[in-house]
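Trainee: Residue numbers (this note's numbering), protein chains in the order written: chain E, 1 to 159; chain V, 1 to 196.
Since the hints were derived computationally from the structure, they do not count as laboratory data.
This one's a predicted model, so the numbers in the text were calculated from it and none came from an experiment.
Among these hints, one or two may not hold up.
Claimed, not checked - Straight-line alpha carbon distances no greater than 20 Å define the calculated SDA-like cross-link-like pairs of lysine to any residue that follow:
1. V:Lys185 <-> V:Pro164
2. V:Lys90 <-> E:Glu123
3. V:Lys68 <-> E:Pro158
4. V:Lys90 <-> E:Pro158
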Amino acid sequence: MTATLVLYDDEFRRITQVCDRLVREANARIVYVIDKNGQLLASGGDADRVDSTSLASLVAGEMAATGGLARLIGENDFSVLFHEGVKENLHISLVGGRVILVVLFDKRSSLGLVRLRVKKCAEELVQIIDVLLQRSQMPGATAQFAEITDDDIDNLFPE
Amino acid sequence: MVTINYAQREIHCKIVYYGPGLCGKTTNLKFIYDKTSPKVKGRMISLATEAERTLFFDFLPLSLGEIKGFRTRFHLYTVPGQVFYAASRKLILKNVDGVVFVADSQVQRMEANQESLDDLKRNLREENLDIDSIPMVIQYNKRDLPNAAPTAEMSSLLNPWRRPEFLATATTGYGVFDTLKEISKLVLQNIRKGAR
Ligand SMILES: Nc1nc2c(ncn2[C@@H]2O[C@H](COP(=O)(O)OP(=O)(O)OP(=O)(O)O)[C@@H](O)[C@H]2O)c(=O)[nH]1
Ligand SMILES: [Mg+2]
């Protein structure tokens, strides 16, 4: 199997706390942490307002395309993307080369404030992600899936 | 890359539909989207040109039943098949867990099928994945057309590994769900195999 990412309750809670705090400190509406692969890991704020599955895959696709562009011109990566809308804005940043931090904010905040707060949270996120990656590699992380039976799999496809 | 989320009790896998331009990748996803209940599917995203050719990718999230208490979520992607979108194809293929290779059965598309398969091999290798071991199924699409090549011929050309293969007509849905079920099974079996 290719590498597996395992997200345990502990890290999930810690990442969610970072999201919640960033929402407060940056006066943001929503914060998402997304795996580079397009899976939503955690969120904070009014996240239910937006289709987060769609958002995660589009943001990951955009980050991937941006990374491709960067390498094309000899940059390692562009670490920040900013989209300015009429009412709302998106600040998208690559954290630790591994996860994507998305901040949705409106006129109650500002790009400067968001940038500042993101920087602070990013360091903390990197630490959590490091732990998460280490734990993903440990024996036992996926042990219970050794017990999957063919029946389990067949039952996913009734009819 | 499979993501196992203990917090949400979910397991995520990424499946990519690969194949030459116009072979019917997007049509496969559209049919799946149309025929699954709203409970099971999320929104389908198509980043396409005005002429409905895939420009970057199609995306369809499916949420199937539970396995060992974990809800299984499959993220289906298609790549843009047109030759000049090579860079985008490579990006979509990153961290893939299973591949559906959709071949166009029309005789005059055999060379395009072959080229696309070579392109897939190359891109997988660059991702340190091996076409010999990654979960993969082959679909021979457009079986309804009069100029469809004999299956045996296609099989010896495009499926030297004897992977599971399916005949399909994506426009009517024939073979579409059989293909999806098989690749999902292979991906889950692969998780079982790699469990530690
Ligand atoms: N007759 C027939 N036409 C098909 C079949 N599957 C797809 N098509 C048609 O082929 C054309 C291209 O299909 P798409 O699904 O857009 O092809 P694609 O592989 O996504 O193409 P790209 O996005 O360019 O890579 C459309 O007009 C489809 O209706 C099939 O089984 N039989
Ligand atoms: Mg397409």
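Trainee: Check whether the Cα positions of Lys90 of chain V and Glu123 of chain E lie no farther apart than 20 Å.
Mentor: Violated, because 30 Å separates the two Cα atoms, which is more than 20 Å.
Trainee: When you check the alpha-carbon spacing of Lys90 of chain V and Pro158 of chain E, does it fall within 20 Å?
Mentor: violated (34 Å)
Trainee: Is Lys185 of chain V close enough to Pro164 of chain V, meaning Cα to Cα at most 20 Å?
Mentor: Status holds; Cα separation ~11 Å.
Trainee: So if I understand the rule, the pair passes when the alpha-carbon distance is 20 Å or less; does Lys68 of chain V with Pro158 of chain E pass?
Mentor: holds (17 Å)
Consistency with the previously given hints fails for numbers 2, 4, ordered from lowest to highest.
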